[in-house]
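Visitor: Take a look at the letters that make up each chain.
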Amino acid sequence: MQTTDKSAVDSQLFRQYQPGFGLPGAYYHDADVYAAEMERIWRPGWLFAGHTCEVAEPGDYFTFFMDTDPIVVIRDDERQVRAFHNVCTHRGTMLFQQREGRVGRAVVCPYHQWTFARHGDLLACRGMHEGVNKSELGLRPVAVETVAGMIFVSLANSPSDFAPAREVFASAGPHNFEGAKVAKALEYEIRANWKIVWENNRECYHCDANHPQYVKANFDTADAEQDSPEKRQAIAEVVAQHEARWAAAGVAVTHTKGGLARFPDPDNDIWFSASRTVQVDGYESESMDGRRVAPLLGKFTDPDVGVLRMRALPNFWNHTSCDHSVTTRLLPAGQRMTRARVIWLVDRQAREGADYQLEKLLPFWQLTSEQDWHLCEMVQRGVDSTAYSPGPLSKLWEYNVQAFIDWYLSKMSAI
Amino acid sequence: MQTTDKSAVDSQLFRQYQPGFGLPGAYYHDADVYAAEMERIWRPGWLFAGHTCEVAEPGDYFTFFMDTDPIVVIRDDERQVRAFHNVCTHRGTMLFQQREGRVGRAVVCPYHQWTFARHGDLLACRGMHEGVNKSELGLRPVAVETVAGMIFVSLANSPSDFAPAREVFASAGPHNFEGAKVAKALEYEIRANWKIVWENNRECYHCDANHPQYVKANFDTADAEQDSPEKRQAIAEVVAQHEARWAAAGVAVTHTKGGLARFPDPDNDIWFSASRTVQVDGYESESMDGRRVAPLLGKFTDPDVGVLRMRALPNFWNHTSCDHSVTTRLLPAGQRMTRARVIWLVDRQAREGADYQLEKLLPFWQLTSEQDWHLCEMVQRGVDSTAYSPGPLSKLWEYNVQAFIDWYLSKMSAI
Amino acid sequence: MQTTDKSAVDSQLFRQYQPGFGLPGAYYHDADVYAAEMERIWRPGWLFAGHTCEVAEPGDYFTFFMDTDPIVVIRDDERQVRAFHNVCTHRGTMLFQQREGRVGRAVVCPYHQWTFARHGDLLACRGMHEGVNKSELGLRPVAVETVAGMIFVSLANSPSDFAPAREVFASAGPHNFEGAKVAKALEYEIRANWKIVWENNRECYHCDANHPQYVKANFDTADAEQDSPEKRQAIAEVVAQHEARWAAAGVAVTHTKGGLARFPDPDNDIWFSASRTVQVDGYESESMDGRRVAPLLGKFTDPDVGVLRMRALPNFWNHTSCDHSVTTRLLPAGQRMTRARVIWLVDRQAREGADYQLEKLLPFWQLTSEQDWHLCEMVQRGVDSTAYSPGPLSKLWEYNVQAFIDWYLSKMSAI
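If you're matching them up, the sequences are chains A, B and C in order. For the first sequence, my numbering assigns the number 1 to the initial residue and increments by one for each residue that follows. For the second sequence, my numbering assigns the number 1 to the initial residue and increments by one for each residue that follows. For the third sequence, my numbering assigns the number 1 to the initial residue and increments by one for each residue that follows.
Same shape as in the complex, but just chain A (with noise of 0.2 Å):
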């Protein structure tokens, strides 16, 4: 039986890490430390499911794997969102078999029809003999907290307390999640670790050579380097005129500086945040020219609200303009592959074509999306290298990077 030598890999490997530096290469590719992170990190922890407009009505369905498990999460007759395993409890047949769709009113498992109301409860298993208990052959629940129009589920049996996650992430509400529609989704697979991917998250240190779209946008990689007085006054001139129409439309700036907000917070174990931020002048939305790319979204009525930026860790973040929203999913796939989902949210009502163009809608965030990746996959690569040796983490530009391991490590050494 393979099992995972949880002291080794606590011991050796951390024995190995340096603060102030990378992870040793181990970190990213060892079959041992993976699958603790399953157990320790991925499994215990709220992972972003989908958005609930995703599941509109009753019956609805969209499925994931989560490592080696599929999920599904399903609206149910009375309209709550609800998520399961997606494993028939007789002989274990993956029961809904397509990435998304409706079923009616119960689920048939196509192997022996046994029968499952939309809420999990095993209704019929015609065939059984006598004897056999219904009640103890529902499906297996996963724990589901939705806020905003945000679906977060926990593959943990006791799950860790998500009333602060939601009262930050209340911070979307007037953006309205729950009246948009998907316009356009893509998915990728990375050949990347997934901490890598939080890694390159977590700095735009790499931004100005990586993503011109990017950073012509924002103040992400202005004031980094240093705390020049005439960038912060800059910034503090663009925030100050924006504060008041921000104020009117019951949204406050919360990040006021150049450089990324501080996340994740592994003093106070925050794996959640949110923020609002200025964009450059002229910009109205995270698009390639600044214009909005569809009708306002949510409950504005004035476009000058800022960007919501929110992350959740370990598999979330989101970026929420005036017009759309752009959501990026990911779940590890083994050491070395990470699949990311990313999302673009408008209006329910807009009609694609005559109110938003998908040739305007995407470029802004496909672009960053697939920079990234492929910087992701040569880090991979570099890392598997038996020469890799951690390098120093820059304190100007790097300390969310650092933030993130030291997040990392405390969840690794928890148990």
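There may be inaccurate statements among the hints.
Heads up, the list lumps identical chains together, so a pair's fine if it works in one copy or across two of them.
Unchecked claim - Heads up, simulated SDA-like pairs for lysine to any residue below, C-alpha to C-alpha not over 20 Å straight-line: (1) K134 / Q18; (2) K231 / R126; (3) K134 / K395; (4) K216 / V238; (5) K395 / V251; (6) K134 / F21; (7) K257 / R292; (8) K184 / R341; (9) K299 / A248; (10) K181 / C53; (11) K395 / Q18; (12) K231 / F300; (13) K395 / H129; (14) K181 / D281.
No lab work stands behind these hints, which were simulated from the structure alone. Just so we're clear, the structure is a prediction, and the values are computed from it rather than from any experiment.
Position chains B and C against the provided structure of chain A, taking the given hints into account.
Guide: Same frame as chain A, but now just chains B and C:
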């Protein structure tokens, strides 16, 4: 060195098994379990290799892989069917490199031209030094038994007695597979563990919804849920109606009720069986409409001979109608892969296009097979889940799945 | 953590080895054996990387993978050939991402623009905090030696002395590889263990049947089975006929009999060798018809210089005629995969189409190589069998296979 930790496989997993339920998930994907199965079940067992008509003439051969072991079956100069490890005894070259073919009086290794007789002896090894003992360097033999046109092999050094199986499979004699030919063979890579394929085969609980063409033809799904006197009576009438004609043809009805014949029999270590069953009224052959799809096969003059069904663990089943015979051969190729070869036999004299059409011959079993392979692949994805927990087996429908599991576990713990 | 259990590899497998026979099967597919080979043979050894003419100008580079280690070879500003681990010292990005190319005076990492000199020093790392010591963050060097236009590298921290190999390979000097160019290079993925490729290379027992074009050109298969006085005389006559002209050209015949020169020499740890041999009458070059296929290469004015053959374990061999040179470089990529690059050199001034035609230059070694790769793949499939048992090696033909195995086992047990 990677070794199979037998005691771990035995104790840890076995303790998880609960009678009346499916096997724990690890049995379907753990590498050590798979290695143990090769050692305890596949290499010691008798494996169906092919039909004697596939090697009709001296020098005819076919090859296959049992896991990583290349095997060749060949008819020798004395018309005897032989089997060998398809590995040159010099440097290990795979000797026969095609799926099938015919060799002249000697087999020449393409690498260094070591030359072997069709009965395996090393005839020549020009270029070797004095003192090389050719008599020790013949091809390494694999045990072979043939019965009624079927070839079984065993990779064991001391295979178990084949005589009881021979006695049972002799019931295929009147169908004269020796006088048949392969009308068509299809090869499949099923992305599922071999046991999932067997568990699928050992019940018709899934047939009504998945195999419409199959259940129209037979009584496999009749009367299984409850022994209703009415159904039993209906079958008895069909049986009575055919009995006399079958007796005239020299065959007997051996399965005279609905549902599947009991197989295997773990208590008596019975891994082989044959039974002759009636079809529903109007069916003369296992075809889409019940009509014959080829000239009569074998010694029969009356098409009314029902269907002979044979099976042997771990890798063979066959359904033989009056006019054609369909064989399925399984071979494992890793924990999550099973190769299947489905072979259609018709009378050797029958001419394709004139005496039979493939579009009428194939669909019944091609559909049934492919429907099953898809189900098996969906089960594999489910049992790979860390959340998979075996469900109860129906005592009405899945008694043979239970018997298979019992047989399997007895083999796995036998060493 | 997955670690190589060295003592297990050493003791368990080694005890199975029987002198005079091939290696036990596990040596060709066991993951721990492969890991030990990387540590004991490939990383400590001197590996042929490429020709100096592949990096003719400062900034020219080429890359390759030694197992999972990306390596780059580059000519620096002082025209010195350097090699580095192709891994950025910051976050581990694979720095050079193409097979070959030319960089300007500095190499800029695409991720965060750390900038390295072509001799490896870190020149700039804008964005890092104060106190980062650039002098410690240069590219990690790989030892390089060049001799007669050939580049060898070693991943060892303290490589073995290259001087003896340099002395031997200096015999290629007159052929002036420095003044050559790559006319063509072909890359292969051979689905076979690297040792199978060497064992194929180390005997011409297989040549008569598999390499018709090759055996027409030389005496490799002459006289091997028995030292017949007639054959010996025939070769002596050819040698005598050429000796004087070669002497005038400043080269000497060093292999004056049929069969392969003895290599390697495990007793004296000789992993490199060179010999000059005659071709059969009428052959001036290793080409399909023996005619020259390119202008003279090097300092020669008389085409009658025989064929210089060089080899170095674990990854290099070369055959050089008067007009062109063919190099084979091996690189391991897992237990069952070897990458080969075959490189044809001609004089740098020669113009394709005018002075040489690829369709005349390539076939002799392209055919020979591809014939061998197929044989190697068939051997891999055979030695993967659990039934594989090593056969005896011919003392007449396979003395060099025995020498290779002896050398290999001495390396494997040396630590």
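Visitor: If a hint holds in the structure, say so; if it doesn't, say that too.
Guide: Each hint tested on the structure:
1. K134 / Q18: Classified as between; 18 Å across copies, 54 Å inside a copy.
2. K231 / R126: between (71 Å within a copy, 18 Å between copies)
3. K134 / K395: between (58 Å within a copy, 15 Å between copies)
4. K216 / V238: within (15 Å within a copy, 76 Å between copies)
5. K395 / V251: neither (31 Å within a copy, 62 Å between copies)
6. K134 / F21: Close across copies (15 Å), not inside one copy (54 Å); limit 20 Å.
7. K257 / R292: neither (24 Å within a copy, 72 Å between copies)
8. K184 / R341: Result: close within a single copy only, 10 Å intra versus 42 Å inter.
9. K299 / A248: Within one copy, since 12 Å is at most 20 Å while 86 Å is not.
10. K181 / C53: Answer is within: at 6 Å inside a copy they meet the 20 Å cutoff, but 59 Å across does not.
11. K395 / Q18: within (15 Å within a copy, 56 Å between copies)
12. K231 / F300: neither (30 Å within a copy, 69 Å between copies)
13. K395 / H129: Classified as between; 6 Å across copies, 66 Å inside a copy.
14. K181 / D281: Answer is neither; intra-copy 29 Å and inter-copy 55 Å both fail.
This entry does not satisfy hints 5, 7, 12, 14, going by the numbered hints stated previously.
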